[in-house]
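In terms of full-length UniProt numbering, the sequence shown is residues 1 to 513.
Do not take every clue at face value.
Unchecked claim - Listed below are the simulated BS3-like cross-link pairs for lysine-lysine, each with C-alpha atoms no more than 27 angstroms apart in a straight line:
1) LYS25 to LYS47
2) LYS193 to LYS242
3) LYS300 to LYS290
4) LYS424 to LYS394
5) LYS52 to LYS398
6) LYS300 to LYS268
7) LYS337 to LYS349
8) LYS25 to LYS59
9) LYS16 to LYS233
10) LYS16 to LYS300
11) LYS349 to LYS365
12) LYS64 to LYS52
13) LYS373 to LYS398
14) LYS277 to LYS385
15) LYS233 to LYS261
16) LYS455 to LYS414
17) LYS25 to LYS248
To be clear, the hints were calculated from the coordinates, so they are not data collected in a lab.
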Amino acid sequence: MSILTVTNLSHAFVDKTLYEDANFKIEQQDHMGIVGQNGVGKSTLIKILTGKLLPDEGKVVWQKNTDVGYLDQYANLTPGMTIHDFLETAYADLFDIETKMNHLYEDYATNLDDDLLEKAGKMQTLLEESGFYEIETEILRVSSGLGLDDIGLDHDVSQLSGGQRSKVILTKLLLQQPNMLVLDEPTNYLDTKHIDWLVDYLNDFAGAFLVISHDYDFLERITNCILDIEFGKITRYTGDLKTAFRQKEADALAYRRAYSKQQEQIAKSKAYIRRFKAGTRAKSAKSREKQLEHLDVLKKPDHLSQSSIQFRYQPTESRMLITTTDLYFGYDHALNKLPLDISIAGNEKILVSGYNGIGKSTFLKTILGMLPKIDGEIDYSPTLKIAYYDQSLKWPHKLETPLQYMQNAFELEKPKVLRQYLAKTGLTSQQVLSPLVDLSGGEQAKVKLAEVMTKPANLLILDEPTNHLDDSTKAALNEGIQNFEGAVLLVTHETNFYDESWLDKVIDIEKLQ
Numbered sequence: 001m002s003i004l005t006v007t008n009l010s011h012a013f014v015d016k017t018l019y020e021d022a023n024f025k026i027e028q029q030d031h032m033g034i035v036g037q038n039g040v041g042k043s044t045l046i047k048i049l050t051g052k053l054l055p056d057e058g059k060v061v062w063q064k065n066t067d068v069g070y071l072d073q074y075a076n077l078t079p080g081m082t083i084h085d086f087l088e089t090a091y092a093d094l095f096d097i098e099t100k101m102n103h104l105y106e107d108y109a110t111n112l113d114d115d116l117l118e119k120a121g122k123m124q125t126l127l128e129e130s131g132f133y134e135i136e137t138e139i140l141r142v143s144s145g146l147g148l149d150d151i152g153l154d155h156d157v158s159q160l161s162g163g164q165r166s167k168v169i170l171t172k173l174l175l176q177q178p179n180m181l182v183l184d185e186p187t188n189y190l191d192t193k194h195i196d197w198l199v200d201y202l203n204d205f206a207g208a209f210l211v212i213s214h215d216y217d218f219l220e221r222i223t224n225c226i227l228d229i230e231f232g233k234i235t236r237y238t239g240d241l242k243t244a245f246r247q248k249e250a251d252a253l254a255y256r257r258a259y260s261k262q263q264e265q266i267a268k269s270k271a272y273i274r275r276f277k278a279g280t281r282a283k284s285a286k287s288r289e290k291q292l293e294h295l296d297v298l299k300k301p302d303h304l305s306q307s308s309i310q311f312r313y314q315p316t317e318s319r320m321l322i323t324t325t326d327l328y329f330g331y332d333h334a335l336n337k338l339p340l341d342i343s344i345a346g347n348e349k350i351l352v353s354g355y356n357g358i359g360k361s362t363f364l365k366t367i368l369g370m371l372p373k374i375d376g377e378i379d380y381s382p383t384l385k386i387a388y389y390d391q392s393l394k395w396p397h398k399l400e401t402p403l404q405y406m407q408n409a410f411e412l413e414k415p416k417v418l419r420q421y422l423a424k425t426g427l428t429s430q431q432v433l434s435p436l437v438d439l440s441g442g443e444q445a446k447v448k449l450a451e452v453m454t455k456p457a458n459l460l461i462l463d464e465p466t467n468h469l470d471d472s473t474k475a476a477l478n479e480g481i482q483n484f485e486g487a488v489l490l491v492t493h494e495t496n497f498y499d500e501s502w503l504d505k506v507i508d509i510e511k512l513q
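Please build the complete structure, drawing on both the sequences and the hints.
Below is the structure:
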């Protein structure tokens with residue numbers, strides 16, 4: 001039985017059509033993934049389905065009594081509240097019932113009214129059946145599974161990093177146990193073991209779920225159906241991700257063949273009409289002309305824009321770019337208990353590893369000089385040139401276009417050159433001239449990549465560069481990193497993104513604890 005029916009859905013954003021006359025359903029046991037390139041409208045679709053955005057046309061109908069749980073990354077977290085306090089709000093209704101029950105027991109102790117005792121007893125039974133007295137156990141189970149143990153449940157929510165905040169919000173959503181989950185990039189900021197836990201949780205989930213993720217390995221492990229968004233069409237495929245892609249490729253091949261065959265037929269008919277429209281076969285030519293007028297002409301197959309990531313190298317004669325001695329890094333206190341002594345050579349590709357929240361980004365910002373070191377020394381080559389990719393998609397002026405942002409960052413570069421760098425990430429001419437605030441997370445990430453590509457450097461510092469990126473852009477980024485002549489300092493939670501064949505060194509922050 002369908003829990004969601006979408007009929008004739010159409011929606012456009014500025015001058016771009018995201019979907020046109022889309023129809024699909026979600027059944028009760030569907031474990032569905034949504035895939036598509038950056039900017040096709042995946043997150044917009046979720047906003048439409050959850051009622052946060054009205055479509056231009058079409059109907060979205062949920063089955064009655066469907067409890068939809070949506071991963072809202074912008075949920076309000078009250079300063080002064082601990083993580084544990086926030087997670088308990090997942091059971092706010094049950095705690096309200098407990099409060100009312102206790103009041104009834106207090107009133108009964110005074111009035112000895114059996115009706116009060118009966119009402120309190122019913123509430124007691126409801127709490128027991130709802131698992132109220134196992135709440136603490138469940139909070140500990142889910143929070144541990146998603147890695148909140150590493151932070152501490154007594155941590156103030158106002159002091160959380162972006163990644164920690166996402167974990168906390170996801171944990172609360174799972175504790176609420178809706179019968180329909182809607183998740184947008186849930187694996188961002190999760191370590192491998194916590195992704196494994198989430199995979200097990202979702203595979204055991206009794207209800208339906210809808211997941212957007214650019215982590216295709218993750219989707220392959222959890223899905224039994226796929227929604228693919230491409231060229232304004234939403235197509236549903238039954239089966240896991242690999243099955244869906246095989247079917248999509250077969251459908252695309254069949255369409256290209258049908259299009260080519262029809263174009264040949266049209267060309268032959270037009271030639272026949274031109275040749276015989278004034279001769280003895282004019283009647284036949286006229287008939288073919290009418291056939292062409294009523295022919296349902298297939299649209300020319302679209303082509304996806306491709307990324308080509310190439311970083312500009314700034315030559316250096318220095319053998320060592322950066323050397324640290326007895327380095328301690330952190331904010332108010334050192335995050336590492338043991339000193340960090342490393343050297344970064346001119347062409348080394350280095351991975352910075354460790355569980356989420358341990359201080360990988362803090363280490364990078366210390367190297368960059370954005371944060372003062374707690375103790376120790378950092379020696380820099382006099383010819384060091386760094387290009388830095390910051391995982392936070394923050395902009396000084398959100399109403400700027402990508403081209404305007406790049407022009408402000410690189411005043412001496414010609415607009416034509418900046419357009420070329422933006423285009424190499426896969427951004428279209430229309431996206432380059434759209435306000436940053438109107439772009440998807442993946443499209444904004446591509447602007448950041450273009451900025452890094454434009455800056456000549458001999459050291460790339462990349463902090464979670466794969467977040468939000470589609471699979472083809474990640475592949476281009478991977479190739480760009482390998483081909484870069486200089487050194488690379490990389491943080492990523494996607495273990496399938498890097499390979500030991502091109503990694504020279506791993507800095508494991510966990511070993512400093």
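**Item:** Numbers of the earlier hints that this structure fails to satisfy, in rising order
**Value:** 13 and 14
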